[in-house]
Amino acid sequence: MNVSTSDAILLAHAGFGVTGCLAALWVFLEALNAQPGNAARARAAALVTAVSMAAAWICGGYWYVHFYPAEKALILTGPWPFAHNLVMETKEHLFLITGMLAFLLPVVTREKLYSNSAARKLVLSVAALIVITGLAVEGAGAVIEHGAKVALLRGGARGDRQ
Amino acid sequence: MNPATAPESSKLTAATSGFALAAAIAALFNTALAWARDAYAPLNGIMKSLAGNSWTAHCLADLVLFAGLGFLFTKTRAAEKMDPNRLTGALIGAVAIAALGLALWFAFV
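Which chain is which? The protein sequence lines are A and B, in order. Note that my numbering has the first sequence beginning at 3, numbered continuously upward. Note that my numbering has the second sequence beginning at 893, numbered continuously upward.
Treat the hints with care, as some may be off.
[Stated by the list, open to error] No more than 27 Å apart at the CA atoms, straight line, and that leaves these computed lysine-lysine pairs for DSS-like:
hint, chain 1, residue 1, chain 2, residue 2
1, A, Lys114, B, Lys967
2, A, Lys123, B, Lys903
3, B, Lys973, A, Lys114
4, B, Lys973, A, Lys123
5, B, Lys903, A, Lys114
6, A, Lys123, A, Lys74
7, B, Lys940, A, Lys74
8, A, Lys123, B, Lys967
9, B, Lys903, B, Lys973
[Unchecked claim] What the simulated footprint calls covered on chain B by chain A, stretch by stretch (three residues with Cβ under 8 Å from a Cβ of chain A suffice, anywhere in the stretch; the number is not a length):
hint, region
10, 932-943
11, 969-979
Derived from the structure by calculation, the hints contain no laboratory data. Cβ atoms here follow ideal geometry from the backbone N, Cα and C, with glycine treated the same way.
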């Protein structure tokens, strides 16, 4: 098995992102059933969301700055240039919103959710937005990687003929 | 008093409302900065000179704005005066507009 630093960082980025989405879903479910007994659990899940998204941000940012330029050049020469021009351009900015929402979640879960309907609605909304935008970003990552894959496959096929 | 039977409240603390409003503004700022960087190439050069990479500078600008406005609104209790349901609606609307704004810009512009 040959797992490069680039591979490990990219997989960690996606893994932390999924963990953050699942933790936000956990907060959503705790807020749906808000009681004094699960307040600490909701706060813990919110903290897991924020830490996971911060880790995804750092890993993704490092990979984007140091390893993506070569992949971008490959994608742009392949049959799916929109994987960069549309999908990556949107993803690299949309993720910043997901990250800020993840940092907001530990602040809003400090409210007494079991006796505050406004705070419950806000927590449900923030958690849902994190899950929705987070899953969109995860899906975008798959499209970008496929853009690189088809560029290599088609490029390889052209190379065989030459 | 038993917390489980405590009367329902519908007010948010200064920190919650302050950081929620800051997130809504930062989400819109994020999209506006992405548009500006894409439309005006020299801006990327300026941002690159500030942080080594224009995207890194974009991240830092978002985070500084979010944290700065969050602490400012908390201290001044500015967002606490907003109706909590309107604040939640504003946050959802801002994120939806910011996300759609990014996708449509890079799809068509």
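Practice problem: Please name the hints from earlier in the document that this structure breaks, with their numbers sorted from lowest to highest. | Solution: Hints 6 and 10 are the ones this structure does not satisfy, whereas the remaining hints hold.
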